[in-house]
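Asker: Respectively, the protein sequence lines represent chains V and Y. Just so we're aligned: 6 in this note's numbering is position 6 of the first sequence, and the numbers increase by one with no gaps anywhere. Just so we're aligned: 1230 in this note's numbering is position 230 of the second sequence, and the numbers increase by one with no gaps anywhere.
Hint data in this document are derived by calculation from the structure and do not stem from the laboratory. For every residue, glycine included, the Cβ atom is placed at its ideal position computed from N, Cα and C. None of the hints are false.
Calculated Cβ distances over 10 Å to all of chain V for the following chain Y residues:
1. Asp1039
2. Gly1045
3. Asp1050
4. Asp1051
5. Leu1079
6. Arg1089
7. Gln1158
8. Cys1185
9. Asp1199
Okay, derived cross-link-like pairs now, DSS-like style, lysine-lysine, Cα gap no bigger than 27 Å in a straight line:
10. V:Lys295 - Y:Lys1221
11. Y:Lys1132 - V:Lys153
12. V:Lys171 - V:Lys139
13. V:Lys295 - Y:Lys1136
14. V:Lys153 - Y:Lys1136
15. V:Lys295 - Y:Lys1211
16. V:Lys139 - V:Lys105
17. Y:Lys1211 - Y:Lys1136
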Amino acid sequence: MFTTPEGKEIFIVDGHTHFWDGSPENQKNIHGKQFIECFYAYHTALSPPEEVWEKAHFEKYSEDDLYNDLFVEGPDDVAIVQSTYLKDFYKNGFNTIERNAGVAKKYPDRFIVNGAFDPRDGEKALEYIHYMKETFDIKGVKLYTAEWNGASKGWNLNDPEAYRCFELCEKLGIRNMHVHKGPTIIPLNKDAFDVHDVDHAATDFQNLNWIVEHCGLPRLDDFCWIAVQETNVYAGLAVALPFIHGRPRYFAEVIAELLFWVGEDNILFGSDYAIWTPQWLVEKFWAFELPDDIKQERGVDLTPEIKEKILGLNAANLYELDVEEHKAKLAKTPVSIAAE
Amino acid sequence: MTGQLHGVSGADTQATHAAEVWQRLEKVCDPELDEPITDMGFVEGVDIDDDHQVSVRFRLPTYWCSANFAYLMASDIRLQVEKLAWVKRARVRLEDHMFDEQVNTGVNEGLSFRQIFADLAPDESLDEIREKFRKKAFQRRQEVVLLGLQGLGFSNEQIVTMTLSEFDAIQFTNDEDIRQKARYCEIIGELGLARQPDDLAFRDYDARPFKAAELGDYLSKLRGVRINMEFSGALCRGLLSTRYKELDRDSDEPTLVDFMLDRVPPARGLES
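If we strip away everything but chain V, and leave its shape as in the complex, we get (with noise of 0.2 Å):
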């Protein structure tokens, strides 16, 4: 929960979180090294300078760890925890659905555990939707499309056995496509950063969710044209959000455009825990004021009432959470006797 310097409480969904185990003791090789690095010098980077961590801390911390940092130090009510195998970097995986659903059966109601699928994986991508949906219940995915396998180097979200796995989705009401469209790791060939994609995923499948991560950056105006058009595509905020540390000014261009084009109720805040924590986001974020000058020339404003349903009511109704219900839940275990 968030609290306003006004007093009001914010119910908060970090739609996009991570446990991981990026430590040199599950590298596999120095695509595991880079790979941890990469994150380590977005969170350097794009962090102020006293939210920054130790390197080997943010290899690797535990479960008390991403639970202080969310919940008891964090405004998060409720974290979704998305996973990420990258078994051909990671002895273990990096965040597999085991370790994710792992600590979240010792948090209940506080986690949503993700999964994952690759469509290149044919038959077996279809049975391990099943297994996922048996076994941990799952409402959505993280899907990864510049991944490489075998002798792919990146799928589309229209190629057809992708379509045959989304069918299923949809009728397992797995309804929430997380799409990584932001900066990538290992893009090779053609444009890995194009999000045109979405657009024929989200016109054929108008039941499923797709959430378009890190908003398309770096192919923001793509994006918005097909958003503008898809009422199922949402935008995640993760990796736009920390602007508004060191660039606000850009920070407003980006959210008023996507006030714009993608509206108010499309837009979901998401920390990218552990590349970032939650508190110092939400709490710039809640003190955020877009510049007249930009308000005038989109037309947008980013009030109080804006501001609470990209923090969390959107997110909630995307995962059918009640959140008057859900609170309620929630206080009858506080974090700070939970953590104990």
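Here the structure of chain V is known, so what remains is to put chain Y in place on it, guided by the hints.
Answerer: Chain Y in isolation, oriented as in the chain V frame:
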């Protein structure tokens, strides 16, 4: 005495050559950012041997930066440096990158991107990518000068009818406006969008002139392009400085050239 003089003049030639190479490198841009690789801090060093062979070392903000962009920059480095008449051969050395070996071998042996990555990207041609980012570079530069003109009080009607010679005569005061005005003139010349003094200074990438009433919408489209490029630019600068912060950049050679080109902060310049 003579020996000393000879030594000095040898060092002078070497320094002049190095300065010339750095000036050529300023022409190489990161295609995605439309900023010179020298300004981005990508170039780590220039080595020139007695045989006039030049080697340029460069590095990127992450191990994962797009291989196609890395290849484009590497091949442009080679192309630009070999434009200098005294250069016998230019080689590039991309460091700390997932595909550094492939890119270096490929560019130094004159292979195409498709040849280097035959196994990974058999049907890849970089022309399309180059074209796409050239258009974005054009738009980015154009936005800066259009907004600059509006800032000076020009009406949309005046802007859309402005000729190249009229535009040439404009005196901007803001540094970025001045810089981008020169870069805008360069790119419209290269693209053939305006060459004669009476040509319109402003058209879109497809050479279509504007109507005054459309300029607002057009500018809002350009804003989107700029936001993307700024995002990438800010991210790249941040990541690069984080990645290499442990290195002592002051020890990078060639210090004399840095001094000549006014790259060295005054406090340290004299010591080095």
